[in-house]
Amino acid sequence: AIAGGQSLMPMLALRVAPADVLVDIGRLGELRRTGTIGAGVTHAEIEDGVVADPTGGLMRKVASGIAYRAVRNRGTMGGSLVHADPAADWPSALTLVGATALIAGSGGRREVPMDKFDAKKDLKDLYTAPVGRFLVLDVPPARYLMVDGQGDPNVEPGYGEAVEALYVASYTLKFMSKGE
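Take 159 as the starting number for the sequence shown in my numbering and just add one per residue.
Read the hints as simulated data drawn from the structure, not as lab findings. Keep in mind that a hint or two might mislead.
Simulated restraints on C-beta separations [unchecked claim]:
(1) Asn231 / Ser328: 47 to 57 Å
(2) Tyr329 / Ser250: 17 to 27 Å
(3) Leu172 / Ala323: 31 to 41 Å
(4) Asp206 / Leu331: 43 to 53 Å
(5) His241 / Ala300: 41 to 51 Å
(6) Gly318 / Ala177: 34 to 44 Å
(7) Lys279 / Glu319: 37 to 47 Å
(8) Lys278 / Leu172: 16 to 26 Å
(9) Pro298 / Val229: 23 to 33 Å
(10) Asp247 / Asp310: 32 to 42 Å
The beta-carbon is built from N, C-alpha and C at its ideal position, and this holds for glycine as well.
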């Protein structure tokens with residue numbers, strides 16, 4: 159079964175991954191959920207704001223930086239995570255914001271914090287037999303500060319100033335929260 163096929167389709171074309179039958183599950187309602195982020199939601203839908211961004215713009219920024227538009231149009235959140243590419247954007251971004259994955263498999267449903275998520279372990283049903291599927295991600299509202307900009311951080315003077323301001327603000331907030 160595929161939802162986007164962005165990683166699988168090139169492997170099929172090159173005859174690296176054989177498949178007798180493919181079933182497109184990309185339009186299944188549960189995979190398309192938008193309150194939480196469904197595993198079948200595309201990077202483009204996140205980038206375009208079709209899906210609510212509880213992180214105040216970070217997810218839209220991450221999505222816009224993934225490959226190029228054709229990839230973002232087909233590639234899905236769940237596919238990116240299940241592909242388990244260590245260079246992928248979503249695992250680190252979702253860990254940063256404290257997201258939790260809801261995983262359904264032969265053992266039932268369970269929640270796994272992204273900082274503990276290991277695709278090959280948590281989704282072993284997918285890697286051994288077609289009995290489990292990735293459902294949704296629960297992304298909490300933003301609880302972080304972000305510097306947004308462009309250019310070379312090694313040369314642009316504005317980058318250093320922004321990081322300095324962010325450091326001062328985050329350091330102050332950290333110690334203010336310890337007093338509560």
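Now the hints, each set against the structure:
In this structure the hint that Asn231 and Ser328 lie 47 to 57 Å apart at CB is violated, the actual value being about 35 Å. Taking 17 to 27 Å as the suggested C-beta distance range, the pair Tyr329 and Ser250 conforms, at roughly 23 Å. At about 48 Å, the beta-carbon gap between Leu172 and Ala323 misses the expected band of 31 to 41 Å. Separation of Asp206 from Leu331 is about 31 Å and departs from the stated range, judged on CB atoms against 43 to 53 Å.
Taking the beta carbon of each, His241 and Ala300 are about 26 Å apart, not inside 41 to 51 Å as hinted. The beta-carbon spacing between Gly318 and Ala177, approximately 50 Å, falls outside the hinted interval of 34 to 44 Å. Separation of Lys279 from Glu319 is about 42 Å and conforms to the stated range, judged on CB atoms against 37 to 47 Å. Separation of Lys278 from Leu172 is about 22 Å and conforms to the stated range, judged on CB atoms against 16 to 26 Å.
A hinted range of 23 to 33 Å for the beta carbons of Pro298 and Val229 is consistent with their spacing of about 27 Å. The given range of 32 to 42 Å is broken by Asp247 and Asp310, whose C-beta atoms sit roughly 20 Å from each other.
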